[in-house]
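Q: Residue numbers (this note's numbering), protein chains in the order written: chain B, 1 to 397; chain W, 1 to 272; chain H, 1 to 295.
Just to be clear, a hint being listed does not mean it is correct.
Claimed, not checked - The calculated SDA-like cross-link candidates involving lysine to any residue, where the alpha carbons are at most 20 Å apart (straight line), are: (1) H:Lys-200 / W:Leu-12; (2) W:Lys-177 / H:Leu-15; (3) B:Lys-15 / H:Lys-100; (4) H:Lys-229 / W:Val-114; (5) B:Lys-311 / B:Ile-336; (6) B:Lys-182 / H:Pro-210; (7) H:Lys-48 / H:Ser-261.
Stated by the list, open to error - What follows is a list of derived Cβ distance ranges for each label pair: (8) B:Glu-123 / H:Thr-142: 56 to 66 Å; (9) H:Asp-186 / W:Phe-84: 35 to 45 Å; (10) H:Thr-142 / W:Ile-50: 27 to 37 Å; (11) B:Glu-138 / H:Leu-288: 52 to 62 Å; (12) B:Arg-155 / H:Ala-76: 51 to 61 Å; (13) B:Gln-112 / H:Arg-291: 26 to 36 Å.
If you're looking for bench data, these hints aren't it; they were derived computationally from the structure.
The model shown is predicted, which means the values in this text are computed figures rather than measured ones.
C-beta atoms are modelled at their ideal positions from N, C-alpha and C, and glycine is treated no differently.
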Amino acid sequence: MDIILKNLSKIFSNKSGEETVAVDKLDIKIPSGKLVGLLGPSGCGKSTTLYMIAGLHEPTEGRIFFGDEDVTEIPAEKRGIGLVFQNYALYPHMTVRQNIAFPLQNSKEFRQSFKADPVKVSEFKEKLTELEGNPEREKVQAEYLEYLEQFKDSRKKYKAEMEKIILETAKIVDIEELLNRKPSQLSGGQQQRVAIARALAKNPKVLLLDEPLSNLDARLRLQTREEIKKIQRRTGITTVFVTHDQEEAMSISDELVVLKDGVLQQVDAPQNMYNSPENAFVAQFLGNPPINTFDVEIKNKEIILNDYSLKNVNLENQTALLAVRPEAFKVVNDGIEVKVYKVEHIGRDKLIGFELNDQKVNALVDADLDLKVGDKVDIDIRSKGYYLFDKEGTRLM
Amino acid sequence: MNNIRKIIVYTLLTIGALIMIFPFFWMITGSIKTYNEIIGNPIVWWPKKIMWENYVIASEYAPFLTYFKNTVIVSFFNTFITLFTTILAAFAFSRLEFKGRDTLFSILLSTLMVPSQMLIITNYVTIVRLDLINTLPALIIPFTASIFYIYMLRQFFNQIPHQLYLAAKVDGCSDWKYMWKIMVPNAKNALITIGLFNWIASWNAYIWPLLVTQSDEKRVLSIGLKYFSGEAGTDFELLMAAGTIVILPLLILYLFARRYIIEGVSRGGIKG
Amino acid sequence: MVGKTTKKTYLQAFLYLLPALLIIFTFVIYPLIRSFYMSFFTDYNIFKHTGSGFGFVSYVKVLQSETFWKALKNTAIYTAVVVPISIIISLGIAVLLNNKLKGMKIFETLYFLPYITNVIAIGLAFRFIFHSNYGFLNYILTGLGMDPVVWLNDTKYALISLIIFGIWGGLAFKIVVFLAGLQGIDKQYYQAAKVDGASKWTVFRRITLPLLSPMIAYITVISLIGSFKVYVEVVGLFGNAGPADSAMTLVYYIYELFYSSYKPVLAAAASVIMFGIILILTFIQLALNKRNVHY
Numbered sequence: 001m002d003i004i005l006k007n008l009s010k011i012f013s014n015k016s017g018e019e020t021v022a023v024d025k026l027d028i029k030i031p032s033g034k035l036v037g038l039l040g041p042s043g044c045g046k047s048t049t050l051y052m053i054a055g056l057h058e059p060t061e062g063r064i065f066f067g068d069e070d071v072t073e074i075p076a077e078k079r080g081i082g083l084v085f086q087n088y089a090l091y092p093h094m095t096v097r098q099n100i101a102f103p104l105q106n107s108k109e110f111r112q113s114f115k116a117d118p119v120k121v122s123e124f125k126e127k128l129t130e131l132e133g134n135p136e137r138e139k140v141q142a143e144y145l146e147y148l149e150q151f152k153d154s155r156k157k158y159k160a161e162m163e164k165i166i167l168e169t170a171k172i173v174d175i176e177e178l179l180n181r182k183p184s185q186l187s188g189g190q191q192q193r194v195a196i197a198r199a200l201a202k203n204p205k206v207l208l209l210d211e212p213l214s215n216l217d218a219r220l221r222l223q224t225r226e227e228i229k230k231i232q233r234r235t236g237i238t239t240v241f242v243t244h245d246q247e248e249a250m251s252i253s254d255e256l257v258v259l260k261d262g263v264l265q266q267v268d269a270p271q272n273m274y275n276s277p278e279n280a281f282v283a284q285f286l287g288n289p290p291i292n293t294f295d296v297e298i299k300n301k302e303i304i305l306n307d308y309s310l311k312n313v314n315l316e317n318q319t320a321l322l323a324v325r326p327e328a329f330k331v332v333n334d335g336i337e338v339k340v341y342k343v344e345h346i347g348r349d350k351l352i353g354f355e356l357n358d359q360k361v362n363a364l365v366d367a368d369l370d371l372k373v374g375d376k377v378d379i380d381i382r383s384k385g386y387y388l389f390d391k392e393g394t395r396l397m
Numbered sequence: 001m002n003n004i005r006k007i008i009v010y011t012l013l014t015i016g017a018l019i020m021i022f023p024f025f026w027m028i029t030g031s032i033k034t035y036n037e038i039i040g041n042p043i044v045w046w047p048k049k050i051m052w053e054n055y056v057i058a059s060e061y062a063p064f065l066t067y068f069k070n071t072v073i074v075s076f077f078n079t080f081i082t083l084f085t086t087i088l089a090a091f092a093f094s095r096l097e098f099k100g101r102d103t104l105f106s107i108l109l110s111t112l113m114v115p116s117q118m119l120i121i122t123n124y125v126t127i128v129r130l131d132l133i134n135t136l137p138a139l140i141i142p143f144t145a146s147i148f149y150i151y152m153l154r155q156f157f158n159q160i161p162h163q164l165y166l167a168a169k170v171d172g173c174s175d176w177k178y179m180w181k182i183m184v185p186n187a188k189n190a191l192i193t194i195g196l197f198n199w200i201a202s203w204n205a206y207i208w209p210l211l212v213t214q215s216d217e218k219r220v221l222s223i224g225l226k227y228f229s230g231e232a233g234t235d236f237e238l239l240m241a242a243g244t245i246v247i248l249p250l251l252i253l254y255l256f257a258r259r260y261i262i263e264g265v266s267r268g269g270i271k272g
Numbered sequence: 001m002v003g004k005t006t007k008k009t010y011l012q013a014f015l016y017l018l019p020a021l022l023i024i025f026t027f028v029i030y031p032l033i034r035s036f037y038m039s040f041f042t043d044y045n046i047f048k049h050t051g052s053g054f055g056f057v058s059y060v061k062v063l064q065s066e067t068f069w070k071a072l073k074n075t076a077i078y079t080a081v082v083v084p085i086s087i088i089i090s091l092g093i094a095v096l097l098n099n100k101l102k103g104m105k106i107f108e109t110l111y112f113l114p115y116i117t118n119v120i121a122i123g124l125a126f127r128f129i130f131h132s133n134y135g136f137l138n139y140i141l142t143g144l145g146m147d148p149v150v151w152l153n154d155t156k157y158a159l160i161s162l163i164i165f166g167i168w169g170g171l172a173f174k175i176v177v178f179l180a181g182l183q184g185i186d187k188q189y190y191q192a193a194k195v196d197g198a199s200k201w202t203v204f205r206r207i208t209l210p211l212l213s214p215m216i217a218y219i220t221v222i223s224l225i226g227s228f229k230v231y232v233e234v235v236g237l238f239g240n241a242g243p244a245d246s247a248m249t250l251v252y253y254i255y256e257l258f259y260s261s262y263k264p265v266l267a268a269a270a271s272v273i274m275f276g277i278i279l280i281l282t283f284i285q286l287a288l289n290k291r292n293v294h295y
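Model the full assembly from the supplied sequences, consistent with the hints where possible.
A: Quick look at the structure:
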């Protein structure tokens with residue numbers, strides 16, 4: 001089930017009449033069956049967007065589609081979505097089993113599936129009165145009784161099926177032993193899995209997660225984000241999750257949607273977005289350590305930083321912003337001389353810090369290089385991994 | 001929320017509110033009507049002329065000014081002495097550490113269950129023995145400590161971090177000073193609430209004053225009102241005036257201090 | 001030094017507690033014991049503290065008194081009606097007030113007004129409203145074409161009038177407590193329930209009420225105890241115990257024994273009996289609460 005947002009906006013006005021534009025004319029298509037991350041700094045409108053997809057916030061403008069269906073006017077309880085709240089919102093007075101059962105108990109479709117369809121019943125009844133006196137009647141009578149047989153013991157079947165679904169869902173998130181506990185008896189990670197189970201129980205068309213990892217400790221975070229990916233793969237449900245952590249978004253998402261101040265910045269697969277950021281914000285937001293930025297001059301088709309000519313570019317003379325990924329620096333024999341002020345070992349790489357143009361720069365270099373604090377080295381920029389942006393932040397090349 | 005629901009909510013609430021405040025409205029407007037207006041059929045909603053005389057006449061029947069004065073004095077001393085005993089006791093139960101503290105507190109708490117009817121006879125005797133019968137102190141003293149308020153304040157004090165106390169001790173601060181300079185200012189809201197509750201309870205007290213007061217000049221408003229209603233019989237406009245005299249000061253107090261009073265009740269309810 | 005209880009600590013604690021303890025001991029604990037003691041005598045001189053006839057005589061006398069049983073019956077009826085009705089009404093009002101609409105705070109202020117009022121004084125207003133000839137209630141009834149009711153002077157209606165008065169006065173406190181409880185329920189639970197497809201009624205039944213149950217339990221206990229001790233309302237509304245004592249309540253009976261009949265021993269015994277009943281009721285209620293309340 002695709003999720004399509006058309007021209008979606010949300011404007012909040014507070015008591016004094018001031019207006020805040022939380023979401024500004026979003027046009028996005030979230031492809032069916034994918035795990036998509038809504039990423040951005042706090043206040044960028046990602047949670048608001050999520051809540052609008054859920055139906056808990058009413059859009060000020062625009063439409064929302066699930067597949068071909070316009071769901072904008074449909075209230076949350078009828079949209080068939082599953083939502084995992086940031087604080088889980090597990091009903092504290094119910095056991096885990098009851099929490100997961102709750103959405104099933106509210107589902108009319110689920111309840112109806114155990115009862116005879118009234119339309120069919122009246123059809124049969126009509127036929128039977130029609131065929132009064134006709135030998136054919138017996139056959140229809142037998143069919144009718146056979147049909148009704150299906151719904152015998154409906155109460156028992158209802159309970160059995162519900163228990164089955166609960167167990168299945170519990171298995172997907174690995175909480176089978178916890179079914180009789182109350183939320184207060186669970187750890188944070190367990191509570192979250194229960195929240196996911198509750199969302200999945202009703203077999204939703206869409207699964208939404210609001211900052212699913214932010215309440216977990218660092219160790220659990222890594223584990224859980226893999227689990228989320230696993231669950232999404234297993235169920236194949238279109239899943240959207242909100243986060244401000246670019247690393248976690250990049251690691252598990254099939255696609256990223258980056259927002260800033262309610263405005264869409266870029267939509268792309270994580271690696272594409274990393275390699276090819278459309279604007280300065282996206283370039284700076286993704287990547288750890290963060291990208292290094294410098295104010296440069298483009299003169300005579302050269303990028304000039306201070307007095308250094310860094311690269312050749314085919315652009316007009318202008319001031320620009322040069323962004324260089326840490327891994328795009330390399331140590332050379334003959335380049336720009338800098339003094340190293342910090343050296344950190346990060347496994348395969350070495351992170352060194354030096355000053356260039358009165359700015360602190362982070363660079364990832366080969367771990368084998370023998371560098372100490374205070375060393376002077378020559379650096380240069382590789383052919384890939386740097387980007388130019390104009391004053392407004394749009395990509396120049 | 002859609003408009004139909006809004007209308008329903010507002011309508012229901014308005015009807016309910018009208019029922020709640022109607023007796024007050026009726027009493028206050030009744031106090032300034034003439035007898036004929038009050039019993040008038042059809043209903044006279046607002047008097048043609050405001051009959052302040054009713055208050056004067058009522059005061060001639062019974063010395064409401066005296067009653068008023070007595071009630072103010074009793075409420076005042078009751079409230080402030082109670083605050084004093086409550087602060088000290090709550091501080092002891094909250095910050096001071098001594099063996100048996102919590103047991104003692106539980107025992108005291110259990111006395112809250114005891115109905116006052118069991119206490120009143122002996123208290124009467126005690127007052128007589130102390131030769132305080134028919135005096136204002138008799139109305140004040142028995143109520144100058146209440147385990148209920150001590151419990152309330154202790155809850156509040158417990159929320160002020162214990163670290164603060166230890167830090168102050170290290171800084172050479174005495175307990176007495178700490179209590180008055182740190183804990184009391186931080187518990188201002190709770191203290192105001194307790195003070196208000198106490199004042200209101202004292203103002204409206206009936207059972208005890210009835211017992212220990214014998215002469216008219218020592219009566220408080222509730223008692224004065226009771227006797228007055230017996231005498232003024234069917235002079236409704238006078239009865240309403242007398243009732244208004246008793247209620248009005250509290251209404252005014254409520255107008256200004258309602259935040260503290262309501263918050264006090266809701267907080268107490270949450271603690272359960 | 002924290003944790004060490006020295007003589008000095010005891011002395012200090014004692015001094016701080018002294019004022020409160022002095023009062024509480026003199027006017028609560030001592031009388032409690034004395035009352036209990038007193039109730040086991042046939043005759044007792046409360047001033048000389050001497051008594052004769054140790055035994056259950058006073059209790060028997062009380063239990064044989066017709067007035068006692070009448071008072072108990074009235075009190076039981078009053079409690080059985082006022083407690084549930086006032087809880088249901090106040091819960092409903094609290095739910096209404098829990099909407100995010102303009103003016104809710106003002107409504108709350110109005111609904112809480114009866115709490116601070118002097119019962120005797122407002123009783124006068126009610127006396128007038130209930131008046132057979134000039135009362136507002138009968139004015140409305142006759143306006144609607146019905147017969148006027150003799151609210152306060154007819155033995156049939158006296159208790160009902162008391163009950164109405166009791167409900168009116170009992171709403172304020174409950175409304176505020178329930179409202180605070182409702183407002184304390186995390187909005188997220190409602191959002192989650194919405195996403196889980198729950199109808200408004202289901203949400204109320206399975207989310208709101210259970211989460212509110214601690215508050216309801218608290219109110220039920222307090223309300224039970226308070227209603228059982230109804231007294232000032234009777235005085236306020238009738239001045240006496242109603243026509244032919246038809247509004248006589250348990251506490252009124254006890255005070256009568258003391259004020260008017262000068263039989264302190266019987267009063268003591270009756271108050272002990274009342275205390276016993278209240279204790280039993282409270283324990284039953286607490287047991288019920290334990291089963292139904294979700295914390």
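Q: Take the hints in turn and mark each one as holding or not.
A: Here is how each hint holds up against the structure:
no.	hint	result
1	H:Lys-200 / W:Leu-12	holds (19 Å)
2	W:Lys-177 / H:Leu-15	holds (15 Å)
3	B:Lys-15 / H:Lys-100	holds (13 Å)
4	H:Lys-229 / W:Val-114	holds (11 Å)
5	B:Lys-311 / B:Ile-336	holds (13 Å)
6	B:Lys-182 / H:Pro-210	holds (14 Å)
7	H:Lys-48 / H:Ser-261	holds (19 Å)
8	B:Glu-123 / H:Thr-142: 56 to 66 Å	holds (60 Å)
9	H:Asp-186 / W:Phe-84: 35 to 45 Å	holds (40 Å)
10	H:Thr-142 / W:Ile-50: 27 to 37 Å	holds (29 Å)
11	B:Glu-138 / H:Leu-288: 52 to 62 Å	holds (58 Å)
12	B:Arg-155 / H:Ala-76: 51 to 61 Å	violated (41 Å)
13	B:Gln-112 / H:Arg-291: 26 to 36 Å	holds (34 Å)
Checked against the numbered hints listed earlier, the structure breaks hint 12 alone; every other hint is satisfied.
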